[in-house]
Amino acid sequence: MAPGPRRCELCGSARFLVVDHWDGDEQNNTASNLRWLCKSCNTGLGAAMARAGIGRRTRQYNPGARTLAEYVQAVAQHRRGAHDEGGRIIHETPKEKRREFAAEIWRRRWSRYAQCGRRRCASPTDEVPF
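Residue numbering for the sequence shown is 1 to 130, as defined by my numbering.
To be clear, the hints were calculated from the coordinates, so they are not data collected in a lab. Among these hints, one or two may not hold up.
[To be verified] For lysine to any residue, the following SDA-like pairs were computed, each having C-alpha atoms within a straight-line distance of at most 25 angstroms:
#1 K39 x D84
#2 K95 x R51
#3 K95 x A114
#4 K97 x P63
#5 K95 x T43
#6 K95 x D84
#7 K95 x A52
#8 K95 x R109
#9 K97 x V72
#10 K39 x L10
#11 K95 x G81
#12 K97 x C116
#13 K97 x G81
#14 K39 x R51
#15 K39 x A69
#16 K95 x E26
#17 K95 x E70
#18 K95 x W110
#19 K97 x A82
#20 K39 x T67
#21 K39 x R80
#22 K95 x A76
#23 K95 x R80
#24 K39 x E70
#25 K39 x L17
#26 K39 x E85
#27 K39 x L68
#28 K39 x M49
#29 K95 x T67
#30 K95 x C116
#31 K97 x T67
#32 K97 x Q73
#33 K95 x E85
#34 K95 x L68
#35 K39 x D23
#36 K39 x Q27
#37 K95 x Q115
#38 K39 x G64
#39 K95 x D23
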């Protein structure tokens with residue numbers, strides 16, 4: 001816990017307080033590196049530090065979909081606007097991984113297209129499942 005009175009060290013507010021790290025490194029939890037800031041000051045200071053390239057953010061681990069099959073299943077489950085499990089998995093999947101999955105889906109679609117030609121595939125099992 002941060003030492004000193006529970007007041008924002010920048011604006012003096014006693015509401016919506018959070019613990020801030022002086023050096024911007026969220027892994028450095030020594031008492032001398034901690035202080036109280038209100039959420040507003042903490043957000044503004046964090047944005048200024050990020051623009052200046054100072055500090056080190058803690059990485060959150062939200063794996064999302066680990067395989068293409070998990071991603072396709074989440075997409076099939078999800079309904080637009082619904083706060084469901086499929087949507088959670090999609091949004092937790094890192095952007096680069098989503099791009100990788102999208103590229104693989106399109107690669108598979110185009111390879112199926114090349115096999116079938118411009119006409120429809122011969123049987124429903126030959127059609128692309130997406």
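Do the hints match the structure? See the list:
no. : hint       : verdict
1   : K39 x D84  : violated, 29 angstroms
2   : K95 x R51  : holds, 21 angstroms
3   : K95 x A114 : violated, 29 angstroms
4   : K97 x P63  : holds, 10 angstroms
5   : K95 x T43  : holds, 24 angstroms
6   : K95 x D84  : holds, 19 angstroms
7   : K95 x A52  : holds, 24 angstroms
8   : K95 x R109 : holds, 21 angstroms
9   : K97 x V72  : holds, 13 angstroms
10  : K39 x L10  : holds, 11 angstroms
11  : K95 x G81  : holds, 20 angstroms
12  : K97 x C116 : violated, 29 angstroms
13  : K97 x G81  : holds, 22 angstroms
14  : K39 x R51  : holds, 18 angstroms
15  : K39 x A69  : violated, 40 angstroms
16  : K95 x E26  : holds, 24 angstroms
17  : K95 x E70  : holds, 15 angstroms
18  : K95 x W110 : holds, 23 angstroms
19  : K97 x A82  : holds, 22 angstroms
20  : K39 x T67  : violated, 37 angstroms
21  : K39 x R80  : violated, 32 angstroms
22  : K95 x A76  : holds, 19 angstroms
23  : K95 x R80  : holds, 18 angstroms
24  : K39 x E70  : violated, 37 angstroms
25  : K39 x L17  : holds, 6 angstroms
26  : K39 x E85  : violated, 30 angstroms
27  : K39 x L68  : violated, 38 angstroms
28  : K39 x M49  : holds, 15 angstroms
29  : K95 x T67  : holds, 14 angstroms
30  : K95 x C116 : violated, 32 angstroms
31  : K97 x T67  : holds, 9 angstroms
32  : K97 x Q73  : holds, 15 angstroms
33  : K95 x E85  : holds, 18 angstroms
34  : K95 x L68  : holds, 14 angstroms
35  : K39 x D23  : holds, 17 angstroms
36  : K39 x Q27  : holds, 19 angstroms
37  : K95 x Q115 : violated, 30 angstroms
38  : K39 x G64  : violated, 28 angstroms
39  : K95 x D23  : violated, 29 angstroms
In this structure, the earlier hints numbered 1, 3, 12, 15, 20, 21, 24, 26, 27, 30, 37, 38 and 39 are contradicted, and the remaining ones agree with it.
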